[in-house]
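Engineer: Read top to bottom, the protein sequences are chains A and B. Residue 93 in this note's numbering sits at position 93 of the first sequence, and the numbers go up by one each step. Residue 70 in this note's numbering sits at position 70 of the second sequence, and the numbers go up by one each step.
Rather than coming from a laboratory, the hints here were simulated on the basis of the structure. Accuracy of the hints is not assured; some may be wrong.
No distinction is drawn between identical chains; accordingly, a pair holds when it is met within one copy or between any pair of copies.
Pairs of lysine-lysine residues, derived as PhoX-like cross-links and limited to a Cα-Cα distance of at most 20 Å, are as follows [claimed, not checked]:
{"no.": "1", "residue 1": "Lys364", "residue 2": "Lys311"}
{"no.": "2", "residue 1": "Lys131", "residue 2": "Lys8"}
{"no.": "3", "residue 1": "Lys361", "residue 2": "Lys292"}
{"no.": "4", "residue 1": "Lys364", "residue 2": "Lys134"}
{"no.": "5", "residue 1": "Lys155", "residue 2": "Lys8"}
{"no.": "6", "residue 1": "Lys74", "residue 2": "Lys291"}
{"no.": "7", "residue 1": "Lys155", "residue 2": "Lys205"}
{"no.": "8", "residue 1": "Lys364", "residue 2": "Lys131"}
There are 2 protein chains.
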Amino acid sequence: MKSYRLTKIIKSLPASIPFVSPEEHERDVGQQFLARIGANENCYGPSPKVLEAIINSSHDVWKYPDPTAHTLKKELAKFYNISDKNIIVGEGIDALLGYLVRLLIQVGDTVVTSNGSYPTFNYHVAGFGGKLLKCDYRDDKEDLRLLIDTAAQTKAKLVYFSNPNNPMGTWTRGEKILSLLDNLPNDCLLILDEAYAEFAPNEAKTQISVDDPRVIRFRTFSKAYGIAGARIGYGLASPDLIIEFDKIRNHFGNSLLSQVAAIAALEDQNYLSDVVKKTAVGREKLYETAKKNGLSAIPSATNFVAIDCGKDSSFAVQVMNGLLEANVFVRKPVVAPLDRTIRVSVGRDDELDIFDNVLPKVLKTLR
Amino acid sequence: MKSYRLTKIIKSLPASIPFVSPEEHERDVGQQFLARIGANENCYGPSPKVLEAIINSSHDVWKYPDPTAHTLKKELAKFYNISDKNIIVGEGIDALLGYLVRLLIQVGDTVVTSNGSYPTFNYHVAGFGGKLLKCDYRDDKEDLRLLIDTAAQTKAKLVYFSNPNNPMGTWTRGEKILSLLDNLPNDCLLILDEAYAEFAPNEAKTQISVDDPRVIRFRTFSKAYGIAGARIGYGLASPDLIIEFDKIRNHFGNSLLSQVAAIAALEDQNYLSDVVKKTAVGREKLYETAKKNGLSAIPSATNFVAIDCGKDSSFAVQVMNGLLEANVFVRKPVVAPLDRTIRVSVGRDDELDIFDNVLPKVLKTLR
Numbered sequence: 001m002k003s004y005r006l007t008k009i010i011k012s013l014p015a016s017i018p019f020v021s022p023e024e025h026e027r028d029v030g031q032q033f034l035a036r037i038g039a040n041e042n043c044y045g046p047s048p049k050v051l052e053a054i055i056n057s058s059h060d061v062w063k064y065p066d067p068t069a070h071t072l073k074k075e076l077a078k079f080y081n082i083s084d085k086n087i088i089v090g091e092g093i094d095a096l097l098g099y100l101v102r103l104l105i106q107v108g109d110t111v112v113t114s115n116g117s118y119p120t121f122n123y124h125v126a127g128f129g130g131k132l133l134k135c136d137y138r139d140d141k142e143d144l145r146l147l148i149d150t151a152a153q154t155k156a157k158l159v160y161f162s163n164p165n166n167p168m169g170t171w172t173r174g175e176k177i178l179s180l181l182d183n184l185p186n187d188c189l190l191i192l193d194e195a196y197a198e199f200a201p202n203e204a205k206t207q208i209s210v211d212d213p214r215v216i217r218f219r220t221f222s223k224a225y226g227i228a229g230a231r232i233g234y235g236l237a238s239p240d241l242i243i244e245f246d247k248i249r250n251h252f253g254n255s256l257l258s259q260v261a262a263i264a265a266l267e268d269q270n271y272l273s274d275v276v277k278k279t280a281v282g283r284e285k286l287y288e289t290a291k292k293n294g295l296s297a298i299p300s301a302t303n304f305v306a307i308d309c310g311k312d313s314s315f316a317v318q319v320m321n322g323l324l325e326a327n328v329f330v331r332k333p334v335v336a337p338l339d340r341t342i343r344v345s346v347g348r349d350d351e352l353d354i355f356d357n358v359l360p361k362v363l364k365t366l367r
Numbered sequence: 001m002k003s004y005r006l007t008k009i010i011k012s013l014p015a016s017i018p019f020v021s022p023e024e025h026e027r028d029v030g031q032q033f034l035a036r037i038g039a040n041e042n043c044y045g046p047s048p049k050v051l052e053a054i055i056n057s058s059h060d061v062w063k064y065p066d067p068t069a070h071t072l073k074k075e076l077a078k079f080y081n082i083s084d085k086n087i088i089v090g091e092g093i094d095a096l097l098g099y100l101v102r103l104l105i106q107v108g109d110t111v112v113t114s115n116g117s118y119p120t121f122n123y124h125v126a127g128f129g130g131k132l133l134k135c136d137y138r139d140d141k142e143d144l145r146l147l148i149d150t151a152a153q154t155k156a157k158l159v160y161f162s163n164p165n166n167p168m169g170t171w172t173r174g175e176k177i178l179s180l181l182d183n184l185p186n187d188c189l190l191i192l193d194e195a196y197a198e199f200a201p202n203e204a205k206t207q208i209s210v211d212d213p214r215v216i217r218f219r220t221f222s223k224a225y226g227i228a229g230a231r232i233g234y235g236l237a238s239p240d241l242i243i244e245f246d247k248i249r250n251h252f253g254n255s256l257l258s259q260v261a262a263i264a265a266l267e268d269q270n271y272l273s274d275v276v277k278k279t280a281v282g283r284e285k286l287y288e289t290a291k292k293n294g295l296s297a298i299p300s301a302t303n304f305v306a307i308d309c310g311k312d313s314s315f316a317v318q319v320m321n322g323l324l325e326a327n328v329f330v331r332k333p334v335v336a337p338l339d340r341t342i343r344v345s346v347g348r349d350d351e352l353d354i355f356d357n358v359l360p361k362v363l364k365t366l367r
């Protein structure tokens, strides 16, 4: 019965979904999670001013949203002291990664990333027929020197690098990134995914000019700003690259209430500072729980902690599954050597207490 | 300074934006519109239950949305008495059109549409290097027979057809669509864009099976359901086509509150009926205003009316500009012979009164 003609690339792709959502897991087992600490969401939620803004604007939802995200871009421009021409707003970093890959990658073009880094980026590269080269992590960090050298050797068009890193929580000093950038081939673009930047120490900040044509940076309102449900990410780059997105993006893709929520979130920097402080305390709790159980936590610059389970991948999978069975939602890296860890998000105190309580029980059944 | 390497297609594309938003116009002239009757939004807004649902769920906005839109699809499946495997939910019909084009069209593939129909579809076809053939309207309707014959002659992969039609408001009988479908080549897919279906008379309904592999239908919550700001559209098609979207779509693209809003909107069918009735009354008012001014309104099955200004395109542009200068937001078709009209959305009574008051003044200055 199938009669329509798919493209060659589409035929070659698996119908895979990057992540299974916690809701889907809950539906499968017929129970709610006791601790939702697996998707690196912000358990503290957004500023009360965000909720207020959503409620105040809810009666506007009959209108189409502003396709240029004018006000949000103006506020971001003010915040960063840059031009709004340096900013592209999209339906989460996920959408922006997809658009960027489409701008640069045609069948057979080379793209460089790390073995075990963000799978949704790989999904987009595969989706446009790109050839993905994966470099190994070094000391649980993405190895920017190796990534850039590999890009140079292979004439890659695009390199992906996250700082801080997901899924390990590690970070690279901004100075180091800046100095390595000089090795980047002139015609290669570096993606600097800074989804977790607001949580990171100052030394992770880079002094890369927003007009530097070698780099595009991505940030999001899904993590520290606490509105993952709104799906608002943004890219910072030179105006001539930013304007290319207008050739292909879904111009009316950013919902009206999501734009309103992001504007309100950005405005409440005191609340953001508070979230960052509370998250740091939460990380310490996770370190402590790991330590008490004889496991080592990898120091994190994010709102999650990768906990080294001390054995191989299959052991870490057993730990994760034990936690899931106890209705504690965590995830884990799937590629070696990262896969010896489980990845636990900072949750509310009650969630961290549940984790602290359940983890030793799970480990006991496995030892 | 530009150093990154764009693809060949991207280099060939204009950085065009399909529509200028009313907000952008307002910013340009420094004044708010008195009547916002240009974007075919639903001036009555959504059901109060939608606003209630948004407010009740606003505290959940820290969570990622369900990437499978599980609940919304279940409710749609129940509503249509079909399987949720027949349904794809996306960031407005715009996004779904983009995904569909990407699934089927590679450089040089032929796509058939009408001269003057939905520009965002053309934008996506151009964006993937498709070759667009445009058939003329007949009697202010998209000419489905001609579209299908053209597709057959040119071995097109995809045909676009909207029912009711935008921008003219005309409609085609469902029976006629069904019978013409037999002429569609077996390996060609028909897009049936039914964005305005809820407003249309029964005779516009088609009895096409949702499992028919020759057709994909698109519907939206932006029009009759009154939540254009939420950006939720959906496609109905055979499961094997629906699952292809999972290979490329932005899985986390539908915001959490948008999904909640759509579920609540679908549930309140009484409110929908009421909107449809009020819209019919509003259309009559627009017909009346046209008639009083010696212009002929084209009978509409939508929430807007194309008013034939009785002269050429440049006259209709002058009428539109006169209205815009009086802070009345309307749009107009740009392709002949549709371009002799202006397109006016059904607004609230006060907006329709303003239009009724301003139109004769504008015409007087032009005659």
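Engineer: Compare the structure with each hint and give your call.
Structural biologist: Checked hints:
1. Lys364 - Lys311: The answer is within: 15 Å in one copy meets 20 Å, while 84 Å across copies does not.
2. Lys131 - Lys8: Both. Shortest intra-copy (15 Å) and inter-copy (17 Å) distances satisfy the 20 Å Cα cut-off.
3. Lys361 - Lys292: Result: close within a single copy only, 12 Å intra versus 81 Å inter.
4. Lys364 - Lys134: So lysine 364 and lysine 134 fail the 20 Å test inside a copy (36 Å) and across (69 Å) alike.
5. Lys155 - Lys8: For lysine 155 and lysine 8, only the inter-copy Cα distance (17 Å) is at most 20 Å; the intra-copy one is 25 Å.
6. Lys74 - Lys291: Result: close neither inside a copy nor across copies, 45 Å intra and 45 Å inter.
7. Lys155 - Lys205: neither (28 Å within a copy, 54 Å between copies)
8. Lys364 - Lys131: The answer is neither: 44 Å in one copy and 64 Å across copies each exceed 20 Å.
Violation of the numbered hints given earlier is confined to hints 4, 6, 7, 8; the remaining hints are satisfied by the structure.
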